[in-house]
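*Asks:* Take a look at the letters that make up each chain.
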Amino acid sequence: MRREVSHEIAERGPLVRAGAVRAPTLEDPDRELVARWRSGDAAAFEALVRRHERRVFRLLMRMLGSRSEAEDVAQEAFLNLHRHGHRFRGEARFSTFVYRVAANAALNRRRSLGRSRARERSLAAGEASGLVAPLSPADPEREAQGAQVRSRVQAALLTLSPSLRLPLVLYDIEGLGYAEVAEVLELAEGTVKSRIHRARQALRPLLGALAREVGPGRAA
Amino acid sequence: MKHGEVRSRLGPYLEGDLPLQQRALVDAHLDTCPSCGEELKELRETIGLLRSLPEIEPPMGLANGVMARIHAGEAQSTFLVRLLDGLEMLLPSRSLALVATSVGVLVLALLASGRFAEPGRVSQATAANSSPASSELALRLAPADIWTSQASLVRRPLGASVPSDEPVTPGADPAEASPVEPEFAVDPQMERALRDPEGFIEELSEVSLAERDQQLSALFAQASRAGRVGEVVQSLRTAGDRRADEIADGFERISTAASR
Numbered sequence: 001m002r003r004e005v006s007h008e009i010a011e012r013g014p015l016v017r018a019g020a021v022r023a024p025t026l027e028d029p030d031r032e033l034v035a036r037w038r039s040g041d042a043a044a045f046e047a048l049v050r051r052h053e054r055r056v057f058r059l060l061m062r063m064l065g066s067r068s069e070a071e072d073v074a075q076e077a078f079l080n081l082h083r084h085g086h087r088f089r090g091e092a093r094f095s096t097f098v099y100r101v102a103a104n105a106a107l108n109r110r111r112s113l114g115r116s117r118a119r120e121r122s123l124a125a126g127e128a129s130g131l132v133a134p135l136s137p138a139d140p141e142r143e144a145q146g147a148q149v150r151s152r153v154q155a156a157l158l159t160l161s162p163s164l165r166l167p168l169v170l171y172d173i174e175g176l177g178y179a180e181v182a183e184v185l186e187l188a189e190g191t192v193k194s195r196i197h198r199a200r201q202a203l204r205p206l207l208g209a210l211a212r213e214v215g216p217g218r219a220a
Numbered sequence: 221m222k223h224g225e226v227r228s229r230l231g232p233y234l235e236g237d238l239p240l241q242q243r244a245l246v247d248a249h250l251d252t253c254p255s256c257g258e259e260l261k262e263l264r265e266t267i268g269l270l271r272s273l274p275e276i277e278p279p280m281g282l283a284n285g286v287m288a289r290i291h292a293g294e295a296q297s298t299f300l301v302r303l304l305d306g307l308e309m310l311l312p313s314r315s316l317a318l319v320a321t322s323v324g325v326l327v328l329a330l331l332a333s334g335r336f337a338e339p340g341r342v343s344q345a346t347a348a349n350s351s352p353a354s355s356e357l358a359l360r361l362a363p364a365d366i367w368t369s370q371a372s373l374v375r376r377p378l379g380a381s382v383p384s385d386e387p388v389t390p391g392a393d394p395a396e397a398s399p400v401e402p403e404f405a406v407d408p409q410m411e412r413a414l415r416d417p418e419g420f421i422e423e424l425s426e427v428s429l430a431e432r433d434q435q436l437s438a439l440f441a442q443a444s445r446a447g448r449v450g451e452v453v454q455s456l457r458t459a460g461d462r463r464a465d466e467i468a469d470g471f472e473r474i475s476t477a478a479s480r
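Line by line, the protein sequences give chains A and D. Letter 165 of the first sequence, counting from 1, is numbered 165 in this note's numbering, and no numbers are missing. For this note's numbering, add 220 to where a residue sits in the second sequence, where the first one is 1.
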C-alpha cells in the first residue's frame with residue numbers, strides 16, 4: 001500500500017507512485033469479515049480492527065502529531081466504526097469507510113485540542129516522526145540526521161490547516177488515489193486536487209529548504 | 221504558456237497526469253525559465269520528503285483496548301443515533317432523516333406533554349407561555365426522557381458532574397429529581413454558545429455522545445425559552461466549524477417545524 005519513492009528521480013521525469021494507487025475493483029478483501037461481523041460475529045470485528053489498525057493509527061499520527069493522542073483517537077474511531085458500521089453499504093471498499101471514520105475522528109480531535117496546543121507541536125512532531133532510533137544504528141550520525149529530517153517534515157505537516165493536511169496525508173503518505181481521497185472526504189475530486197496542490201505549495205518553502213540542507217538522498 | 225499557468229500544472233506534470241500537448245508546453249517553458257524550474261525542483265523534493273516518511277507501528281494493545289471497551293458497552297448508540305439510523309433506512313438522505321428525526325422528537329414531546337402539565341409543572345409552563353410555541357415545546361423537550369434517562373443532567377453545565385446526593389433514576393419524573401429547578405435562573409449552555417461558540421463546540425467534542433445530546437437539547441431549550449434561538453444559530457455559524465453549522469441547521473429545522 002505504501003509507496004517506496006526513490007530520490008533518484010530524473011530532473012523532469014514524472015514521480016512514480018509504484019503500487020500506490022489501487023486498481024479500481026469491486027472486489028473488497030474485507031467483504032467476508034464484514035458480513036460475518038454483521039451477522040453478530042464479534043471475532044470478525046476484532047479481525048477487522050487488527051487488519052486496519054495500522055492505517056488508522058498512521059493517519060492519526062500524521063494528523064495529530066502525538067502517539068498518545070493518536071492512540072486515544074484510534075480507539076474512539078474504532079468504537080465509532082462499531083456504532084456506525086451498519087451504515088456501510090458496500091458501495092465503496094470497507095477500507096475507504098474506515099479511513100472516513102478515522103478522518104472524521106481526527107478532524108473532531110484537532111478542533112478539540114484548541115489553540116493552546118500549538119506550542120506542543122514541535123515536541124509532538126518529533127514523536128510523530130514515527131521513529132524510535134534503532135538499537136544499534138549502522139551509522140549513528142546518519143540515523144540522527146534522518147530522525148531530525150522526519151521530525152521537521154512532520155512539524156511542517158502540522159503547520160497546515162486540517163482541511164489541507166488531511167487530503168495531502170491520504171494522497172502523498174497513505175498512497176490513496178484522487179478518487180478514493182474524494183470518497184473518503186466526501187468531496188469532489190477537483191476539490192481534492194486543488195487542496196493537495198495548495199498543501200504542497202504551502203509546504204514547498206519549508207521542505208524545499210530542508211532538502212537543500214540535507215542534500216539529495218539523505219532526507220530519510 | 222505563462223508562469224502562473226505552468227506553476228498550476230507542476231503537480232500534474234510531476235505525477236505524469238498532464239496530456240501530452242500540455243506537457244510539451246510546460247517542458248518548453250521550463251527550458252527557458254529558471255524560476256519555474258526551481259519551483260519544480262522544490263515541489264519534487266517536497267513530495268519526495270512526504271513520501272519517504274517511514275512506516276509507523278501501532279501500539280501493541282490497540283485492538284485489545286478497543287475490544288475491551290466494546291465489551292464494556294462503550295460502543296452503544298444513543299437514542300438519537302439509533303433513531304437517525306432507523307430513519308435513514310427508510311429515507312433517501314441523511315438530511316431528510318434529520319428533519320424527520322426533529323419532527324419525530326417534537327411529536328414524542330407533544331405526546332409526553334400531558335405529563336408536564338401536571339400540578340407542580342404549571343409555573344414552568346406558565347413561564348413558557350410568554351415565549352413562542354416552539355419555545356414551549358423545546359422546554360418540554362429538554363428534560364423529557366426521550367433524550368435522556370438522566371433528565372437532571374440536561375440543565376447541567378458542560379464538565380459538571382452529578383452530585384452524589386442527587387437522585388438520578390432512569391425514567392423517573394424530572395420534577396422529582398429536581399423539584400426546585402433553580403437551574404432555570406442561569407442558562408450556562410446558551411451563555412457559552414453566545415459568548416464563545418468555538419469553545420463551546422470544542423468542549424462538546426470532548427464529551428460522550430449521550431452527554432452531547434443532553435447539552436444540545438439543554439442549549440435549545442434555553443434559547444427557545446429566552447426567544448434567542450436565532451441569536452444562538454447566528455453565533456454558532458460564526459464558529460466556522462462544520463459541526464457548529466450542522467447544529468445551527470438542526471436548531472433552525474426544529475424551530476421551523478415547531479412553529480408550524
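Rather than coming from a laboratory, the hints here were simulated on the basis of the structure. Virtual Cβ for every residue (Gly too), placed ideally from N, Cα, C. Please note that a few of the clues may not be correct.
Quick list of the computed label-pair ranges, beta carbon to beta carbon [stated by the list, open to error]:
1. D:Ser255 with A:Ala188: 27 to 35 Å
2. A:Ala42 with D:Glu225: 51 to 59 Å
3. A:Thr159 with D:Gly236: 53 to 61 Å
4. D:His223 with A:Arg87: 56 to 64 Å
5. D:Glu294 with A:Ala209: 42 to 50 Å
6. A:Arg38 with D:Met221: 47 to 55 Å
7. D:Asp247 with A:Arg50: 56 to 64 Å
Simulated coverage check for chain A against chain D, where a stretch passes if three residues somewhere in it have a Cβ under 8 Å from a Cβ of chain D [unchecked claim]:
8. 27 to 37
9. 90 to 96
10. 162 to 168
11. 183 to 192
*Asks:* Next, verify each hint and record whether it holds.
*Replies:* Here is how each hint holds up against the structure:
1. D:Ser255 with A:Ala188: 27 to 35 Å: Check passed, 31 Å falls within 27 to 35 Å.
2. A:Ala42 with D:Glu225: 51 to 59 Å: Given a distance of about 56 Å, which is inside 51 to 59 Å, the answer is holds.
3. A:Thr159 with D:Gly236: 53 to 61 Å: Cβ of A:Thr159 to Cβ of D:Gly236: about 28 Å, so the range 53 to 61 Å is violated.
4. D:His223 with A:Arg87: 56 to 64 Å: 47 Å, violated
5. D:Glu294 with A:Ala209: 42 to 50 Å: Since D:Glu294 and A:Ala209 have Cβ atoms about 45 Å apart, the given range 42 to 50 Å holds.
6. A:Arg38 with D:Met221: 47 to 55 Å: Holds: the Cβ-Cβ distance is about 53 Å, inside 47 to 55 Å.
7. D:Asp247 with A:Arg50: 56 to 64 Å: 48 Å, violated
8. 27 to 37: violated (count 0)
9. 90 to 96: violated (count 0)
10. 162 to 168: violated (count 1)
11. 183 to 192: violated (count 0)
Hints 3, 4, 7, 8, 9, 10, 11 from the list above are not met by this structure, while the remaining hints are.
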